[in-house]
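Number of protein chains: 4
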Amino acid sequence: MSHNSFGHLFRLTTWGESHGPAIGAVVDGCPPGIALTEADIQPFLDKRRPGSSRHVSPRQESDRVRILSGVFDDGAGGGPVTTGAPVALMIGNEDVRSKDYEAIRDLWRPGHADYAYDAKYGLRDWRGGGRSSARETAMRVAAGAIARKVLGDGVVIRAALIQLGPRAIDRSRWDWDETANNAFFCPDAQTAAQWEADLDALRRDGSSTGAVVEVHASGVPAGWGAPVYGKLDADLAAAMMSIPAVKGVEIGAGFAAAAMRGEDAADEMRRGADGRPAFLSNHNGGVLGGISSGQDVVVRFAVKPTSSIRTERRTLNRKFEETAISTKGRHDPCVGIRAVPVGEAMMALTLADHMLRHRGQTGA
Amino acid sequence: MSHNSFGHLFRLTTWGESHGPAIGAVVDGCPPGIALTEADIQPFLDKRRPGSSRHVSPRQESDRVRILSGVFDDGAGGGPVTTGAPVALMIGNEDVRSKDYEAIRDLWRPGHADYAYDAKYGLRDWRGGGRSSARETAMRVAAGAIARKVLGDGVVIRAALIQLGPRAIDRSRWDWDETANNAFFCPDAQTAAQWEADLDALRRDGSSTGAVVEVHASGVPAGWGAPVYGKLDADLAAAMMSIPAVKGVEIGAGFAAAAMRGEDAADEMRRGADGRPAFLSNHNGGVLGGISSGQDVVVRFAVKPTSSIRTERRTLNRKFEETAISTKGRHDPCVGIRAVPVGEAMMALTLADHMLRHRGQTGA
Amino acid sequence: MSHNSFGHLFRLTTWGESHGPAIGAVVDGCPPGIALTEADIQPFLDKRRPGSSRHVSPRQESDRVRILSGVFDDGAGGGPVTTGAPVALMIGNEDVRSKDYEAIRDLWRPGHADYAYDAKYGLRDWRGGGRSSARETAMRVAAGAIARKVLGDGVVIRAALIQLGPRAIDRSRWDWDETANNAFFCPDAQTAAQWEADLDALRRDGSSTGAVVEVHASGVPAGWGAPVYGKLDADLAAAMMSIPAVKGVEIGAGFAAAAMRGEDAADEMRRGADGRPAFLSNHNGGVLGGISSGQDVVVRFAVKPTSSIRTERRTLNRKFEETAISTKGRHDPCVGIRAVPVGEAMMALTLADHMLRHRGQTGA
Amino acid sequence: MSHNSFGHLFRLTTWGESHGPAIGAVVDGCPPGIALTEADIQPFLDKRRPGSSRHVSPRQESDRVRILSGVFDDGAGGGPVTTGAPVALMIGNEDVRSKDYEAIRDLWRPGHADYAYDAKYGLRDWRGGGRSSARETAMRVAAGAIARKVLGDGVVIRAALIQLGPRAIDRSRWDWDETANNAFFCPDAQTAAQWEADLDALRRDGSSTGAVVEVHASGVPAGWGAPVYGKLDADLAAAMMSIPAVKGVEIGAGFAAAAMRGEDAADEMRRGADGRPAFLSNHNGGVLGGISSGQDVVVRFAVKPTSSIRTERRTLNRKFEETAISTKGRHDPCVGIRAVPVGEAMMALTLADHMLRHRGQTGA
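Chains as they are written, first to last, in my numbering: chain G, 126 to 489; chain H, 126 to 489; chain E, 126 to 489; chain V, 126 to 489.
Keep in mind that the hints are not guaranteed to be accurate.
Any copy, or any two copies together, can satisfy a pair, since identical chains are not distinguished.
[As the list claims (entries may be wrong)] Simulated pairs of lysine to any residue, SDA-like, Cα-Cα distance not exceeding 25 Å:
(1) K274 - R484
(2) K444 - G488
(3) K274 - H341
(4) K274 - A489
Think of the hints as simulated: they come from the structure by calculation, not from any bench.
Between the sequences and the hints, there should be enough to build the whole structure, so can you do that?
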């Protein structure tokens, strides 16, 4: 019910504004006995961190996470482990320039949450977007790192940027290793090179563009999920749609399924070498009837262009007077890039919750 | 947490299997004093009912709903109204031919939930799909009718089929009234006529096809929804993805937003004649930062082709032996058609919940 | 969040009014593969049923429960088992005499929920108490029978009436077997005999009295429960306080603990013959820090006297005019008696939920 | 579902251990526009703070709370107000002497959560009780201060210690003002003086004692609460039972109701001077059928004696070997005293949640 919590048995609650003193999270329901230190979390934050290339926001945040509770080192040499109590995480906000935002305190930036927050709450924290800022996603990434430890090494979660603006990758060149070699988490080196040029042009124009992210989870056993309203894919859809700027989510074949015939959409089954089912295709994205099938869980989501652009756009101020705005500030020309590690985190959080829920109901 | 419940303050719980004695629902949290009889619900069920045209399943279900609790007629002549107590709904299952399913009791139908249910629970009710059957959606539609009464006449929810197989409508011909004139809820008469032929061919082939449904809610005030994990669009994504066979969900521009530039994606604001904001476009689908903006809320979802087809597909039986299956039974060649009223219902349920949540937090 | 649901992983939702067509329940989250038929439930309902002795309401209800979903008999001879889908239960209301209540439709009966319901909802179903009737507890008892099957034979749940009006049992004569030999579920035969006379006198006076119920659960392993707000004893307190007419709940020593010194209250630990901890007392009622200790879980609750009595009491009508009321109807002179099986059911429901929650978080 | 969260629409999540770097809380669902600074919270923390008299623990904690999010000062001079976003609170732990606890790292202290935590999680943070420490209650008190602001000045919440060990107050001498004049929050000056002597003797003996706390909320309008499982009194019972060391909870007449006759227990109604119902007694503690009646909400709870005493008690170590323990450390001889502000806080939190839930469902 809580507006700022995600999950049920493995449950994340986040707090904090873009320009407040800090942002934080509470991870409740974590199984006990899992080795956990800041070093397990930091690498994932570093992937998402602004200032890492010219293609993302130059805001300088070291994003050093602190674990404030829920772990204990008994001194026996094994290092800290989770205790089953809530794990509190906190990151200080450092490079805060609220001054940059004074110009927009009485304006509603088109495409941003400004007007909606004012309409709902009667006021808003206009410094850096306040609660609606994508800075909140740092805590998703941090919590996602814990979720990965809960899932264990058997479940591998990876994401890639597969489209930037109108230009999509060539899937025949997909190479997961390549995602570490460019600033876009792009699995296709050739396309990545073109995106460099595309983004440089956009940045010169003071414009921005959208993107598509694809997330895979392999090693998910068959049986996670639940019928009807607790479906794994329904929870994944909510998880991804809750990421700022996301406008669409697909599982497996997604919208392409609408144009298919039944013969083609069926994921036929054969007996694999290991005696387990071997599916001949994965149009269902690893989920059947809301429950994992043992295939890779495959989710895609579309991110809209950054709303903060230099080109002037027409808008209203808080007195409902007509005016216009062009944003300076320090913004990502394509927020989809930094959404890649966030998508991975949301996959990890959703799966960890369903792993515990499945174990609770069935004992498996 | 409950796997078979949807919503928080306005909360639906459903139960029942395709071939059990009945299906039912409990709607908890309904505001008191709302006039409600079976006659308010039945028309929506009739829209979804099988057997209504040659293009949907010939299963004969009268789908007469009974209200078993939560309403009270004090005899003063105003008729029954809700009391604030849970409203229980029930529909008997009539035209049940479990015999049709005996052939598949030990098989896993490709694309169906059969294997996943067996993997999760160690058994499954194979009669008509059991709990995973789309028959459950009748209760969504019934509960959605109550949600509409909670929302009141100011909020108008309508849906249409906008693509059937590879053939999409021409949006320039969109006419809401037309959706009542054809068997497809199609807003474009010309395309509807082509779909007639398309579906007749598919049926002759014993095949099936996917579809895309678009749902609009107008009259939603600005301010419903919540930040971060309680976003209106995140809840809508889960709502739509929880409908059987849905593989993708979009809000506003959806996946098309990925290819846009920031200048085009911004929904610029002007002052309307009524003094309220008038947006010059609706790429955000009526939701900004997870909160309604006062524009129409626009959601689309993709439905995969019916998995039950006459063409033989390869699969395994419960002993993991390789075999094949072709389905006879009575099936919709395009389940997307009957998903139209279901999409409307999920929109109504999501909005009613957020209306009450917003009122709870803010008093508005 | 739902007002009419109890539990999280093992979750009960009930519906129905005293004089509506039926009452019902949905049990969601039940583990699969548990043998379950109506015959597993009926004996517990029979214990609670009105009309079973002259000391309880003469209302004639056969209270035959029907299972409408969530079980499946694959025909292999093992009989029906749970499938993991929601189990829907229903009991028809038979001996409904709403006429008896017409006199009170515009009055607020002192001690009843009448005024509070009117104040909250602006109306109330006055027939037999509507939703606030203790008839709802039949569904708790039915669901409790399923919870017992989830817990398995290792967990034994029993309750007894230990005080009726001012007269308490002599605990030195406690004999569980005796609870089956009298109309009061009294473990002390001598006191039971005195209660016969006490109640006959009360009934002659048209009066009523309160009672205290004690519930034991043995065989609960150490480790169920959770810190802080998910404490096993906090959930038990809510469970028992939610039973109609309950005004107090104790765990272990309860209020007597207030007068104790630390030396006496400590439940000292020795090593038992089985190598497990053997506690030398159970002042903590089997719960330490909100988590079960392996000792018997012991809960007591106080039930107020039935509010419906023949003696005239002063009250108001719905126009806020002063008036008076004396109730005829068919009422239990001591609702505490029939609360005994309800207390057992609430213990079973709470434990089953915590068993699954514990298993979810820890895998145990 | 979350083990460390309380409430639904107004929702508190706490984290932190007694000897970790800090403890904290997240308050989600707070209505917007409420003036809030640390100065609104600090006085309540000061009431609960250790070291304030010789009768409570000498641990030195300044307990300075920081608000880290969810408030915003727009610079217009009105000061910070809530924004509707989560309010994060944090208090650093200062006077931590984990060394004091090394002796008990491998022991289970009788009456403490030690054994139960080890049984559940396989390990425990033994420093100062870790997560099971009553230090967590500081965050309840802090969040309770926010809940009071949500409730507004019309709802007045006060608590008093009414029994310490075997000695109860004389209710005829009840004077709320007196609670500010002694170290016990005692409303009866004469009894408070006797308690001084009682506690001095207990401290000399190295012993401890239990207590009873009574909490009143006046000004609660009729209509808050909900039927069946969302009852206001059920939620209050859980709220109070979740406070460390609490073993019993009563509403209104509580256990005394068991000995009453119906004529005496009925809270008769007359028309008050204001036209509203005036009840002639309050045996129901302001709650009828789970819903507030407009009378004062009255709750009592019993606190067991502090388990940490100097007298040696028999116990086991983690190898299940028999041993004994006597606790030095810095402990309250009667934890019931500092439970008084905690009881007030839990009342405020429960009422604020129900206020929002009632508003959500009914619009009132």
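Status of each hint after checking the structure:
In the homo-oligomer, the alpha carbons of K274 and R484 lie at most 25 Å apart both inside one protomer (16 Å) and across protomers (18 Å), since each shortest distance falls under that limit. Proximity of K444 and G488 under a CA criterion of 25 Å is satisfied inter-copy only: 23 Å between copies versus 58 Å inside one chain copy. For the identical chains of this complex, K274 and H341 are intra-copy neighbours only, at 17 Å inside a copy versus 39 Å across copies, given an alpha-carbon limit of 25 Å. In this assembly of identical chains, K274 and A489 lie within 25 Å of each other by CA distance both inside one copy and across copies; the values are 18 Å within and 18 Å between.
Hint compliance for this structure: no hint is broken.
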